[in-house]
Amino acid sequence: MTATQSLLLALLTPLLSAALIAFFCRRRGAIAATISVAAAASICVFTFLAIRGAEGQTLVASWDWLTFGNFNVSMGFLFDGTSATMLTMVAFVGFLIHVFSLGYMVDDKARGRFFGGLSIFMFSMLGIVLADNLIMIFVFWELVGFSSYMLIGHYLETKEAAAASKKAFIVNRIGDLGFLIGIVYAYWHFGTTNLNEMAAMVSVNPALISGTIAALLMCGFIGKSAQFPLHVWLPDAMAGPTPVSALIHAATMVAAGVYFLIRITFLFPVDVLTFIAWLGTAVAVYAGFCAYAQNDIKRILAYSTLSQLGYMSAAFGLGYPGIALFHLITHAFFKALLFLGAGSVIHGCHHEQDIFKMGGLFKKMPVTALTFLIGVLALCGVYGLAGFYSKDAILIAGGLGNTPVFVLLTLGAFLTAGYMGRLFWIAFLGQPKSDAASHAHESGLTMLVPLIVLAALSVVGGWIGFWPEQLGEIIRLDLDHLHHAEGYEGMHKTILIFGSAAWIVGLFGSFFFYGAGAKEDRLEKKASPVYGFLKDRLWFDEIYDFYVAKIQQRVADLLGFLDVFVVKGVLVRGSAGLVGLVGMCSKSLHVGNIHGYVYWFLAGLILFWAAAAGLF
Amino acid sequence: MTVGLNAFILVAGLLFAIGFLGVILRKNTLVIYMSLELMLNAVNLALVAFSRYNNTMDGNLFVFFIITVAAAEVAVGLAIIVALFRRRQTVMVDHLNALSR
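Line by line, the protein sequences are chains X and L. Numbered according to this note's numbering, the first sequence terminates at residue 616, and the numbering increases by one at each position without gaps. Numbered according to this note's numbering, the second sequence terminates at residue 101, and the numbering increases by one at each position without gaps.
Please note: incorrect hints may appear among the correct ones.
To be verified - In silico contact screen, one side only, chain X against chain L (beta carbon under 10 Å); selected entries:
no., residue
1, 593
2, 595
3, 598
4, 602
Stated by the list, open to error - What follows is a set of in silico ranges between Cβ atoms, one per label pair, in the way DEER data are often shown:
no., chain 1, residue 1, chain 2, residue 2, range
5, X, 604, L, 64, 25 to 31 Å
6, X, 601, L, 70, 17 to 23 Å
7, X, 564, L, 27, 37 to 43 Å
8, X, 575, L, 21, 30 to 36 Å
9, L, 66, X, 566, 48 to 54 Å
10, L, 96, X, 615, 32 to 38 Å
11, X, 604, L, 27, 19 to 25 Å
12, L, 70, X, 564, 34 to 40 Å
13, X, 604, L, 62, 21 to 27 Å
14, X, 597, L, 7, 33 to 39 Å
15, L, 70, X, 575, 42 to 48 Å
16, L, 27, X, 570, 56 to 62 Å
17, L, 62, X, 601, 19 to 25 Å
Bear in mind the hints are in silico, worked out from the structure with no lab data behind them. For each residue, glycine too, the CB sits at the ideal point set by N, CA and C.
Here chain X stands alone, though its shape is the one from the complex (with noise of 0.2 Å):
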């Protein structure tokens, strides 16, 4: 089997299982959940082959898709060290969510809608990283919003997914359009939307780079990847079964936008970069803040993730596409590491997501309790571990080249520490606060073991001399770039020092300020207008509503009277009723109706006055 064809079958087998469930499997969970597992394991398999079949190369493969005169819109593969080194972490860890969702959805009664929506979701994850057009790209993207309103809105039942999910596939349209323009754009600028050759066509030219297409490209990234001013979404999709969150909140889907700016990074020149940089380092400091006034579970963690995604905007901005890469996969492993362990957390409290009424977790639930400890070292940047290397290499970037950027990211780096730290000490240290959590129970074997695999990866996914040699070129070649620039010994010690200052005095500030297990929240009690405005996350939300319920509603109400009263009132109807009258007045010409005639009589004198009166 070539290379190609491992790909083409890692690509169609969870398409294949999403067709199986969506029709034979919706009644029967058990059997969904064994086939979607399957296939899931099977793309870990064909990843596998893929990467062993190309041997290092870059491989590109594209078939015609449709042709319309000499426009030409293709599928294909574009199989670089970035493709197969985002597809190795896709699909692992979708893998190991898979796994997990054996034993958290267990009692779900949709379960076969579930498993058929990871199905579908990792599908169009492997289309985006795949891709070797933007066309591809944004259709496989759309998939990935449809997939992720169909997870996210898997509670239907109640209002809040179902808004949510809703609310996820609106603001992401309204990145999408750019994104959609930005396409155009580039079509009509390079007169091709393959990524290979518009890479080519820019080496050779440099002054073909557009700060508008890059623009417009962006907006795709700034839905997707849940960025200021579109990051309402992301909270909200909290909703969703956690492993859904894990899988598309944490290490796929809000990875896609940051993952797609890395394919086209060629196209960026440098004010849109530092705009992006600039953007990014605000995403990480305002989720920062913002985690510190939750008290839920995944709302916490769901901050957190908005940040790090601000983080490896800020990577990218920075001109290190390659590190911001790195923090993707590291934060991948750890973040749903995270999730998981949370969802292990909600499923064995009974679907209590409130930290201050959990506690004492760490006695009833220790391998998850361990696990979520690596996870929150791994995240808060600690010496050795994973984050911790992906980390640092941003804070050196924004040392070495943008200083208020790094200011500010180091701050970001302590405040992750802080809020982390208030999550762990508060809901598993002290004691149990509720009834749900006295009768807390360690999950199962199908959630342990994710879990146990997961935290591995956080310790030791950072150590990049380690990995296989046909992944992680592209971060080896920034890295390798970061350690040679000007200044870099000097930095590295500043922010090996900074860094660990942040999140030592983030972990152990949380400890002695909330103090564990704490039954309530000393910040919301000590300081409540700083904790109320913290909580209200500068009133994007009401912002919106304005907008859409006052301003947009109005113009939406102006447009309909206009298609109600011109477009249907005079137009449609006026047309039909003027030949209505036309064929109303000729008939009584026929029908023999003597009041007729003496109307028509009328009309022809009207007429020989007017024509006599020189009217016309």
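Put chain L on the given structure of chain X with help from the hints.
Okay, now just chain L, sitting in the frame of chain X:
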């Protein structure tokens, strides 16, 4: 006292309007016929009044013609209506719609 031209024109106009509405609105052929005569006579009245105020004979001349023609027309028209009634047993216009069937 003298009656002004406007008064004559007004009366003539009113008579004409009544006759016209009668033609349009009534259902009985006989009444429609009478309304037609009313319109002719309204015109006669207006013509006579104009003649008088212009001190010419043109209008009066026309009136004689109209009276003559109207007399002939009545003779023919009434005969038609009578013949119609004999044949159809009705003179209502909404029953005289054989063309539409």
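We went through each hint and held it up to the structure:
| no. | hint | result |
| --- | --- | --- |
| 1 | 593 | holds (6 Å) |
| 2 | 595 | holds (6 Å) |
| 3 | 598 | holds (6 Å) |
| 4 | 602 | holds (8 Å) |
| 5 | X:604 with L:64: 25 to 31 Å | holds (28 Å) |
| 6 | X:601 with L:70: 17 to 23 Å | holds (18 Å) |
| 7 | X:564 with L:27: 37 to 43 Å | holds (41 Å) |
| 8 | X:575 with L:21: 30 to 36 Å | holds (33 Å) |
| 9 | L:66 with X:566: 48 to 54 Å | holds (53 Å) |
| 10 | L:96 with X:615: 32 to 38 Å | holds (35 Å) |
| 11 | X:604 with L:27: 19 to 25 Å | holds (23 Å) |
| 12 | L:70 with X:564: 34 to 40 Å | violated (56 Å) |
| 13 | X:604 with L:62: 21 to 27 Å | holds (23 Å) |
| 14 | X:597 with L:7: 33 to 39 Å | holds (34 Å) |
| 15 | L:70 with X:575: 42 to 48 Å | holds (46 Å) |
| 16 | L:27 with X:570: 56 to 62 Å | violated (37 Å) |
| 17 | L:62 with X:601: 19 to 25 Å | holds (22 Å) |
Hints 12 and 16, counting from the list given before, are not met by this structure.
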